[in-house]
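Produce the complete structure using the sequences and hints provided.
Residue numbers (this note's numbering), protein chains in the order written: chain P, 1 to 211; chain V, 212 to 1040.
Please note: incorrect hints may appear among the correct ones.
Cut-off 30 Å, straight-line C-alpha distance, at most; resulting in silico cross-link-like pairs (BS3-like, lysine-lysine) [unchecked claim]:
| hint | chain 1 | residue 1 | chain 2 | residue 2 |
| --- | --- | --- | --- | --- |
| 1 | V | Lys-272 | P | Lys-147 |
| 2 | V | Lys-649 | V | Lys-428 |
| 3 | V | Lys-277 | V | Lys-863 |
| 4 | V | Lys-428 | V | Lys-648 |
| 5 | V | Lys-649 | V | Lys-863 |
| 6 | V | Lys-428 | P | Lys-147 |
The set of hints was computed from the structure by calculation and includes no laboratory data.
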Amino acid sequence: MVLRTRDGRERTREMRVSGLAMNGDGDRTLIVFENPRDLDGTALLTFSHPQESDDQWLYLPSLKRVKRIAAGNRAGSFMGSEFAYEDIGSQEVDKFTYRYAGDETLDDDETFVVERRPVDSSSGYSRQTVWVDQEGYRPLRIDYYDKNGELLKTLLFTGYRHIAGTYWRADQMTMTNHQTGRTTTLTWSDYAFDTGLSERDFSPNGLARAR
Amino acid sequence: MKDLRDRYFRWLVEHRIEVLALNVALFLIVAVGAGRVPIDYTMEQFFPGWGPERERYDRYKQSFHKEDAQISVFWKDSRPPGVALYRDLQQAARYFEEAGLLGVQWVGSVEVAEVVEEDGESILHVHTLIEEERLSDAYVRRVLAEHRDDDLYRGYLWNAEQTVFAIHGTLDPRDMEDDQRRREIDETLQSELEALAGDRAEFALSGVPITRSRIPKLLDEDQRLFVGAGLLVFLAVLFFFFRHLGQVVLCLASVVPAYLSTVALIGLAGKPVTVLTGFIPIIVLVVGGSDIVHLLSRYRQLRAQQTGNADAVVSAFSELVTPCFYTSLTTAIGFLSLVGTRIGIVMDFGIFTAVAIFLTYGFSMTLLPVLLSFYTRRRFNDRGLQAPWARWIVDGAAGLAVRPARKVLVAFAIVALIGAGLGLSLRVDSYLIDDLKKSAGVRRDLIWVEENGFGIYQVVLFLGQTDERPLHHPEALRWMEGFQEYVASEPAVVNSFALPGLLRQLRRAALDGDGADEALPATVEEAGQLIFLAELQDADFFSDVYRELDGEAQVIVMVRDAGSRVMLPFLRRVDRYLESNPPPVGSAYSTGTVKLIQNYSAQVLRNFGPSLVIAIVLIFAVMSFMFRSLRHGLVALIPNFFPLLVLLAVMKIAGFALKPSTILVCSISFGLAVDDTIHVLSRFRRAIGEGMQTRPALRTAVRDTGPAILMTTLIVSAGFSLLMGSRFEVLFLVGFMTMVSAITAVTADLFVFPAIIAAAWRKSERRSHASKETQEAFAHEHRYIEVADAAPSGLVRRVDPAIGGLVTDPGPDGGGAWTGHCSRGRAAQ
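And the structure:
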């Protein structure tokens, strides 16, 4: 993850992300940080829920403690980036209401334009506009509008790859904050699916061993 | 030269219709131009325009913009803390949000990291200090009691006794430069909070944006009221002396076009009319008015002596065009010396006032003779000019001028020494908003806030990352905390905030509140992880003090407006501390509005001596050039120290401190005092040139210029004394100091100056040093024999026109008390 300020300064964060899709509940996500050095080994476990607040645990290697943390501010920045937790967390269908806004061509791609509004009032957005390509139903672009209805950020997905013949994943996600001029680019690599992870690997008690 | 001047003024009189039409056209053009120049009364203009301090401050502001953007309400409720008080604070906070303020902080919004037990599991919870869902009187009291002495909140959210609670909000950066928007927010909040407080609470809405919103408004109101009233008094005094409405209006005829032309020039230079340039009308009225009074007085004297109107106009203006030029030049030099302050708004004020003074001079020498040429009256009502008290003063001064000077000089020396002694011991002190009287609302509120244990101003330490080590490195944290401990004992400091305090709180929470772990994070990893932990729940948890991505941090030190005597040494100690204890990680410097303003004040005070010396040297050079004699230039300078020294002494006795505003007035007072000296010396030299002895020449100079000098003094004193009613100390001082200065200047010019001249003037100089100019005047001026009317004894009634030259009146005792002069060819009656 590369964070850029308006004047071009950059900071890089590196992390390993694992996910487990659950039946009847939201996904479970484990993020283990590798860089910057002071966060090396820090692990964040999130149990996403469609309606209720997410559960989160954090392992702090320096204190050798796992802390359960209360539901945070979903609108808050993720690690100082332009992504909010709600932007990178599980995009559960039930978290929004939807309105089809028409078809559009976006960079030679035919897309459906969908306007969605968050159900949770603690969301940092009033609405989002999503461009989904008509061929593979992949999101190509999301515009985020702040509580005052003004355009806040734009997320662009590029470099989609079809992995294991089943999953479409973007290589890069670039979020631009129009109000601050900052950008954050999330570059994904080494995707692996069906690796045999189980619920045991997404347990708070196992966080200390996540590295 | 004399011919040239005569020809110029005669040409003006002969072409008066064309000149008048041209002036009217010019007036209309500049009036339209002036009407389009914007008015900008914002206070940011007082910041030094450039220099390393300003660059550092601007750099800091790019990262942390809250420093001078915070608006706060301090709420003192008659009820003990509980739900009712919480609800009122909540409503007030809502008003803040509705007004568009960002990041509103109060006991119901500030977040705290704590461990809570839930279902047998300890959960780290970042939550608001007082949680809405747990609200009860007992809960509110318990939370407040638990955190009462917490350094993060005491002095910020409540005072030590928890009797006053604060709500803070930050002005949207887009509104920072919008004076109108600030005023709207201020007025809206004030009225809403007043309604909310009712009889049960008192509050003060404060903060730098509030101060910046209210001061220009108050200043604008006071300026309109007192400058307007000053103008009326000016005109009334003028009428009292001249007893002629037309001539009173004439005084405005030069001043108004000059001011409008100046405003138009301000607009052409792409600048607005500021809180300082708004004072130009009253300054040009006084400065320009003084010359106009001399011109009109001389014109009336000549008219009274049977001179034809056109000739009287030409003679009066031709005679005074040079002295008036020099009085304008010396005054302009005084104002131009303000360029040395390096404060944009003050520099503009100095430059444009100098321009206005010269424009007034230009209009006085163009429009005024033309308008006077339309007069047909020969005699004017002189009861004002010849008022018994005025005559008594002038005659007294004239009488003193012919007596031995030693006693006067000794008295002068004693007063000057006392003045210098008191002046040197004058207290140097300036407050951030001390240009307001303590009784004025904004300052009263600030004092109330400070008395209740808060500070609204900040001195900040800005830290930047310089290598791979982040600013949350333990060594950096320890260093920041060491600095906080260092400043804690300073009398001006209320409290301080920085990253270490927040990390301590977090660490305590992360370790389940284990009392043994009050320490700072031991490793950079620990600190980084704690920061990550907090930002998971609130991305802005550290944003007021730390911006990890940008590698920037600040230590905020809240201070009282303790005055420069306390603040400047404190700021110096801070800088010395930074020099001797540089941060082990990154770099650090101190900055903030407080430092900028205090350094500006110190800079102005430091420059006061050199600026005054430069102004004095320049004025000395001008006067030496005018009189073609270094000696006379020096002689003319001496009496002008008298008002300055008396002024400093009076300031000391009245308890005023030396600060930028008083220094400004000192410079202006000095420039104004010089004017009368030039008129006296100029008339004296003319008399010498006409062949008079030193003492009679002094007496003539005093008698001829005395009434006009008295009149201008009365005008200046009466007009400016009204400003003493202003809510602004700076306006009060302008009124008070100018009045003191004007009265002492007239004393010096009429009573002391002749004694100095008498002592300094060598007999051999009587003729040989008379300038070419005065010789010329001698040859051409006196086409009329004035002696009959002017001789004090009244014995000389007729003079043989064939005699010309010197005519001595034997005086009542036959001692030759008065000497006059007549030229050949014209007869007196």
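Here's how the hints hold up against the structure:
1. Between V/Lys-272 and P/Lys-147 the CA atoms are separated by roughly 26 Å; this keeps the pair inside 30 Å, and the hint holds.
2. At roughly 17 Å between alpha-carbon atoms, V/Lys-649 and V/Lys-428 fall within 30 Å of each other, so this suggested pair holds.
3. With a CA separation close to 39 Å, the supplied pair V/Lys-277 and V/Lys-863 exceeds the 30 Å bound.
4. Of the pairs offered as hints, the one joining V/Lys-428 and V/Lys-648 holds, with about 15 Å between alpha carbons and a cut-off of 30 Å not exceeded.
5. Of the pairs offered as hints, the one joining V/Lys-649 and V/Lys-863 holds, with about 19 Å between alpha carbons and a cut-off of 30 Å not exceeded.
6. Under the criterion of a C-alpha separation no larger than 30 Å, the hint pairing V/Lys-428 with P/Lys-147 is inconsistent with the structure, at around 34 Å.
Violated hints, listed in ascending order, are 3, 6; each of the other numbered hints is respected by the structure.
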